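Protein chains in written order, with numbering that gives the first Met the number 0: chain A, 0 to 325; chain B, 0 to 333.
Think of the hints as simulated: they come from the structure by calculation, not from any bench.
Here the structure is a predicted model, which means the values were calculated and not measured.
Glycine is no exception: its CB is placed at the ideal position from the N, C-alpha and C atoms.
Take the hints with a grain of salt, since some may be wrong.
30 Å max Cα-Cα, derived BS3-like pairs, lysine-lysine [said to hold, decoys possible]:
1. A/Lys191 <-> B/Lys219
2. B/Lys128 <-> A/Lys187
3. B/Lys219 <-> B/Lys207
4. B/Lys125 <-> A/Lys158
5. A/Lys187 <-> B/Lys219
6. B/Lys125 <-> B/Lys65
7. B/Lys207 <-> B/Lys128
8. A/Lys187 <-> A/Lys217
9. A/Lys191 <-> B/Lys207
10. A/Lys158 <-> B/Lys128
11. A/Lys217 <-> B/Lys207
12. A/Lys158 <-> A/Lys95
13. A/Lys158 <-> A/Lys187
14. B/Lys219 <-> A/Lys217
15. B/Lys128 <-> A/Lys95
16. A/Lys191 <-> A/Lys217
17. A/Lys191 <-> A/Lys95
From the derived model, a few chain B residues whose C-beta atoms are all more than 12 Å from chain A [said to hold, decoys possible]:
18. Ile39
19. Trp45
20. Ala47
21. Ser73
22. Gly86
23. Leu107
24. Lys217
25. Cys221
26. Thr225
27. Thr250
28. Asp268
29. Gly293
30. Glu294
31. Phe314
32. Gly320
FRET-style restraints, in silico, Cβ to Cβ [to be verified]:
33. A/Asp200 <-> B/Pro229: 24 to 30 Å
34. B/Thr218 <-> A/Arg221: 26 to 32 Å
35. B/Val312 <-> A/Gly212: 48 to 54 Å
36. A/Arg255 <-> B/Arg224: 36 to 42 Å
37. A/Gly265 <-> B/Gly320: 35 to 41 Å
38. A/Asp143 <-> B/Lys219: 54 to 60 Å
39. B/Gly320 <-> A/Arg203: 22 to 28 Å
40. A/Asp143 <-> B/Ala130: 52 to 58 Å
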Amino acid sequence: MTSPPRLRSHALSATDDPFASLTDPAASREPVRRSTSDDGAALPPPIKRVVLDRTPRPIDPATDVVAPIAKDQTLGPERLRIEHVSIGYGEARVVKDLSLSIHQGEVLALIGPSGCGKTTFLRSMNRLTEQTASAWREGQILLDGRDIYETELPRLRRKIAMVFQQPNPFPMSIFDNIAYAIRVQNRKTPGKAEVRERVVDSLRRAGLYDELGGDLDKPALRLSGGQQQRLCIARAIATNPEVLLMDEPCSALDPRSTAVIEDLIGELRESLAIVIVTHNLAQAHRVADNVAFMYLGDLVEHGPVDQVFEQPRAQRTRDYVAGVFG
Amino acid sequence: MSSAPVVPRPVTPVPTTPQERRPVQPAGDSVRNWRLRHRIAHGAAWAAGIFVIAVTASIMGFMAWKGLHYLNPSLIWQRPTPGLAQGDTGGIRDPLIGTLLATFIGTLFAAPLGIATAVWVGEYGKPAKLARAIESAIEMVAGMPNIVLAIFGLAIFQLPFFSFLSFKAQGGGVYGRSFIAAGLIMSLIAIPLIYTATREGLAQLPAKLREGSWALGKTKICTIRTVLLPQIRPNIATGIVLGMGRIVGDTAIVVVLLGAALQIDPVGDTPGLNVLRGGGSTLTTYVYAASPAGEGNAPQKAYAAAFLLLLIVVFLNALVGWIGRRTKNSEITQ
Ligand SMILES: Nc1ncnc2c1ncn2[C@@H]1O[C@H](COP(=O)(O)OP(=O)(O)OP(=O)(O)O)[C@@H](O)[C@H]1O
Ligand SMILES: [Mg+2]
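This is chain A alone, in the form it adopts within the complex (with noise of 0.2 Å):
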C-alpha cells in the first residue's frame, strides 16, 4: 500500500529541534550529554535559533495532555499495548505514565524534543533499559496481551526487533551478520541451506540483495553507511518479528540513503508495526500513520499525522510543530 506524498510546501528547517533550545533551559546543554550518551555518535547539528511567530511559553505539564482520539479501524491487530508506563534511571523520571497502543500495519513515529525520553520509552519494549543498572520501570508493556516480562528474553527481543541510531553491522561478513540473527543463540538448526533462503529472502526485503551483486561474503564493515543501515534492518527482520522500533535510523545517512530506507519502511509495515524515533517532523510526516508526541517525559498528544501536525490540540504540540515548521 503506498500512500500518496503528504509533504506539504511548509518551507522546513534545517535544524533538528530549535524548540528545545528555546525553552528547556538543560537543552542548552544537552549537546555535550548527548554526543556521549549515543555511543560517541557525531556532534549534533549546530542549533539554530528559529523566529517564532510568539514566545514560546512553560506550560503546566499536566494542562495540556490529550488523551488520543479514535483510532482508524483499518489497521490490523493490536500488537503491542503500553499501559500507564513510567521509566526513570535512579532519581530521575523520564517517561511519564505513557499509555498507548500499536497496531500491525501501522507506523507510530515517536516524536519530541532532545532528552525527552523517546529512546528510553523505545528501549524498554523489548527490555535493553533493564541493562542501565539504575533503571526502573512501572507499569504494563503487553504484547500481543501478554506481559512482555512473562516472555523469556531472547523469544521476546526476536519479536521485538530493534534498529539503532548508528548503523551497528557486526564484523563479520554480510551472510555472517543475518545468519547469526536467523539462529536461535549458535544452534547449527535451521541448516544451511535454509538459512541461506532466509538470509537472501532478508536481505531482499531491505531492498540491499540486488545491490549486492551475490557477492554475500564480503565484509559488512566494508558497506556503505546506507547500505550498512539497511542490513542492520535486514538482520532486524530476519526473524519475522511483529514489531520494529527503530530509533532515528536516518540520522547517520543522507538524504538518498534516507529515502531508499523511508520507502522501505513503507514496504515492511504491511507485516509489522513500527515504531520510530526521529528528529525529522518532514520524515515522520512521510512515513508515519500515527504520531506521538513526547515532552519532557510526557505524551503530550497521540493521533493520526495529519491530525497532529495540522490541527494539534495541544498548545506545546503547537508549538513544537510550528517552531521547526517555521
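Position chain B with the ligands relative to chain A; hints supplied.
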C-alpha cells in the same frame, strides 16, 4: 588572554623542487636560540636515549658474538651431562625442551583462566564487590615476586594430596617438584598479562556491538563467544605472548619447583605423564649452572644457552609487535 606581541612570520619562498622542501619549523625555533638550561636538558635527553640504545646493542652484540661462536646444532641435540671439563658437559637439549614445556604448560593454564576471569569481570561483574576483589587479587599476583609464588607452590605441592603430581619417596615424603607443579605456578605470572589484555580489549569494544547482539535476542554468553571474543583476538594473542615471555624468563620458579636438575628426570612409567611428573631445568637455570657463577665449568655453553634464550624472547617480542601492527591495519578496530 596574554598579549604577546604579534611577530609577523617571515615569508618563505614557496619551494619549487622537492629537494627544497623541508619539514616546517616554527621561525626562530632552533636549538641555537634556546636557553642554556633547555639546551642542557635537551642534550641530556639525547644522551640518555643513545645510552639505552648502546647498552641494548652491546648486550645483543656481545651475546650474538659469543653465542654464534659456541652455538651449533650438535649442542642443541645433545643431552647435558655433569662433567668437570667443558668438553664432557654435553649439550643443552634438556633445558631447551624444559623451557618449551614449562612455557606450554604455563600458557595452557593461564590463557583460559585469564580470559575467563577478564570476561566475567568485564561483561558480568556482579556483585560489584566480588569483581573489585578479583581485580585487586590479580593486581596483587602481578606484583608478587616469583620466588614468593614458588615457595608457596612448593608448600602446596608437597602436600600428600598432590603426591600424584610429582615424585613420592619411599617414606611417603612428597618431592613437590615437577613440570606440572612449575607450570601451574608459572601460569600465575602469565595470568595478569592475559587478563589485562583481554579486559582492555573488551573495554574498547563499543556498546553498540553488544546491544546490537542483545537486541537480536542473543544471550550474553552467545554474544561474548560469537561477537566480542573474535573481535579482541589480537588483544588476547598479545597478552598470551607477553605472558609466555614472562614464563620463559623466569628462574626462581624453576629452581624451587622444577629442581633445576640438568636432565629431564621422568617419574613413573606412563609415557608423557612421566615427564610432566618429573623435574628438569630450563635455559635460565642452565645458564646459571653452567656459568662461572654456578658450577662454572661450561661458560661457552652458558653463552650459547643465553643467546638462545635471548632469541626466543626477541622472537616473542617481535610477535607482539607484529600482532599489534596487523590489528591496526585491519578493519576490525574501526
Ligand atoms: N543510561 C542513563 N542513565 C541515566 N540517565 C539517562 C540514561 N539514558 C538517558 N538518560 C536520561 O534520560 C533522559 C531521556 O533520554 P533519552 O535518551 O530517552 O532521550 P531522547 O528523547 O531519546 O533524546 P534524543 O532525541 O536526544 O535522542 C535524558 O534526560 C537523559 O539524560
Ligand atoms: Mg534518542
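Hint-by-hint comparison with the structure:
1. A/Lys191 <-> B/Lys219: 24 Å, holds
2. B/Lys128 <-> A/Lys187: Violated, at roughly 38 Å.
3. B/Lys219 <-> B/Lys207: Between lysine 219 of chain B and lysine 207 of chain B the Cα gap is close to 14 Å, so the pair holds against 30 Å.
4. B/Lys125 <-> A/Lys158: 28 Å, holds
5. A/Lys187 <-> B/Lys219: 18 Å, holds
6. B/Lys125 <-> B/Lys65: Not OK: lysine 125 of chain B and lysine 65 of chain B at ~55 Å, beyond 30 Å, violated.
7. B/Lys207 <-> B/Lys128: 26 Å, holds
8. A/Lys187 <-> A/Lys217: Satisfied, since the Cα-Cα distance of roughly 22 Å is no more than 30 Å.
9. A/Lys191 <-> B/Lys207: 28 Å, holds
10. A/Lys158 <-> B/Lys128: 36 Å, violated
11. A/Lys217 <-> B/Lys207: It holds: about 21 Å lies between the C-alpha atoms, which stays within 30 Å.
12. A/Lys158 <-> A/Lys95: 25 Å, holds
13. A/Lys158 <-> A/Lys187: Cα-Cα ~20 Å, so holds.
14. B/Lys219 <-> A/Lys217: Satisfied, since the Cα-Cα distance of roughly 26 Å is no more than 30 Å.
15. B/Lys128 <-> A/Lys95: Violated, at roughly 33 Å.
16. A/Lys191 <-> A/Lys217: 18 Å, holds
17. A/Lys191 <-> A/Lys95: 46 Å, violated
18. Ile39: Check passes; 44 Å lies beyond 12 Å.
19. Trp45: 39 Å, holds
20. Ala47: Holds: least Cβ distance 39 Å, greater than 12 Å.
21. Ser73: 50 Å, holds
22. Gly86: 59 Å, holds
23. Leu107: Given a closest Cβ separation of 25 Å, the condition holds.
24. Lys217: 7 Å, violated
25. Cys221: Given a closest Cβ separation of 5 Å, the condition is violated.
26. Thr225: 6 Å, violated
27. Thr250: 42 Å, holds
28. Asp268: 43 Å, holds
29. Gly293: 52 Å, holds
30. Glu294: Non-interface label stands for glutamate 294 of chain B: nearest chain A Cβ at 55 Å, farther than 12 Å.
31. Phe314: 29 Å, holds
32. Gly320: 23 Å, holds
33. A/Asp200 <-> B/Pro229: 24 to 30 Å: 26 Å, holds
34. B/Thr218 <-> A/Arg221: 26 to 32 Å: Since threonine 218 of chain B and arginine 221 of chain A have Cβ atoms about 29 Å apart, the given range 26 to 32 Å holds.
35. B/Val312 <-> A/Gly212: 48 to 54 Å: 49 Å, holds
36. A/Arg255 <-> B/Arg224: 36 to 42 Å: With Cβ atoms ~37 Å apart, the hint holds.
37. A/Gly265 <-> B/Gly320: 35 to 41 Å: 53 Å, violated
38. A/Asp143 <-> B/Lys219: 54 to 60 Å: 26 Å, violated
39. B/Gly320 <-> A/Arg203: 22 to 28 Å: 45 Å, violated
40. A/Asp143 <-> B/Ala130: 52 to 58 Å: 38 Å, violated
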